[in-house]
Amino acid sequence: GQQLNQSPQSMFIQEGEDVSMNCTSSSIFNTWLWYKQDPGEGPVLLIALYKAGELTSNGRLTAQFGITRKDSFLNISASIPSDVGIYFCAGQSLMNYGGSQGNLIFGKGTKLSVKP
Amino acid sequence: GAVVSQHPSRVICKSGTSVKIECRSLDFQATTMFWYRQFPKQSLMLMATSNEGSKATYEQGVEKDKFLINHASLTLSTLTVTSAHPEDSSFYICSAYRQGGYEQYFGPGTRLTVT
Chain A
1 GQQLNQSPQS
11 MFIQEGEDVS
21 MNCTSSSIFN
31 TWLWYKQDPG
41 EGPVLLIALY
51 KAGELTSNGR
61 LTAQFGITRK
71 DSFLNISASI
81 PSDVGIYFCA
91 GQSLMNYGGS
101 QGNLIFGKGT
111 KLSVKP
Chain B
1 GAVVSQHPSR
11 VICKSGTSVK
21 IECRSLDFQA
31 TTMFWYRQFP
41 KQSLMLMATS
51 NEGSKATYEQ
61 GVEKDKFLIN
71 HASLTLSTLT
81 VTSAHPEDSS
91 FYICSAYRQG
101 GYEQYFGPGT
111 RLTVT
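Residue numbers (this note's numbering), protein chains in the order written: chain A, 1 to 116; chain B, 1 to 115.
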């Protein structure tokens, strides 16, 4: 089945540093979504990408939809302590629509820890 | 907008009993809702797709008779875990699409502990 490879699995960074994480797949996706999940809570949508090559920002967050439709990255600039959490990429393809009406395929997550 | 709520947020039940979890879209209508399960330090695993007015679609390996899903209206889906066992203890999260939208919005999750 479709799988998303998300990396890195975890990272420790110094406050103020920039962070980058990415997801790749062997399958083509039509939509890429990036979520953040805090402990004990549901994922919160950060950025949604709909077009190949699209670059979208949300405050200090920037994400891009790869030209090949098989990858996406998320950058966080000038990280702060509240950026701590788990970041998930999620992809959606037309194939998903045919089966389960647009369900998402999730990466395994990137756990971000910031040193104060 | 795009707020999804879940109730209860936490529930503890005894083995063999049933538990119902509600998922509501508060400010939009959702023809399709999804139920996920998440074990500690793992990603979200889709259990089933809940369709308003029709039967739910279950993912492979998910027992439909154990995890009963009812999508009674455009703003409410329920997941009932029947005859719960300790291995059913997990974090259950629902999500929903706005009608005509392409983004899934997630509820805050329900922590189920079966003793």
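Derived by calculation from the structure, the hints in this document are not laboratory data. Ideal placement from N, C-alpha and C gives every residue a C-beta, glycine not left out. Check before you lean on any hint, since a few could be wrong.
Quick list of the computed label-pair ranges, beta carbon to beta carbon [claimed, not checked]:
| # | chain 1 | residue 1 | chain 2 | residue 2 | range |
| --- | --- | --- | --- | --- | --- |
| 1 | A | S113 | B | M45 | 36 to 46 Å |
| 2 | A | I67 | B | K14 | 30 to 40 Å |
| 3 | A | D38 | B | G100 | 38 to 48 Å |
| 4 | A | I13 | B | Q42 | 20 to 30 Å |
| 5 | A | I80 | B | M45 | 27 to 37 Å |
| 6 | A | E15 | B | G16 | 19 to 29 Å |
| 7 | B | G61 | A | P39 | 33 to 43 Å |
Okay, the hints, checked on the actual structure:
no. : hint                           : in the structure
1   : S113(A) <-> M45(B): 36 to 46 Å : 24 Å, violated
2   : I67(A) <-> K14(B): 30 to 40 Å  : 54 Å, violated
3   : D38(A) <-> G100(B): 38 to 48 Å : 29 Å, violated
4   : I13(A) <-> Q42(B): 20 to 30 Å  : 23 Å, holds
5   : I80(A) <-> M45(B): 27 to 37 Å  : 31 Å, holds
6   : E15(A) <-> G16(B): 19 to 29 Å  : 49 Å, violated
7   : G61(B) <-> P39(A): 33 to 43 Å  : 27 Å, violated
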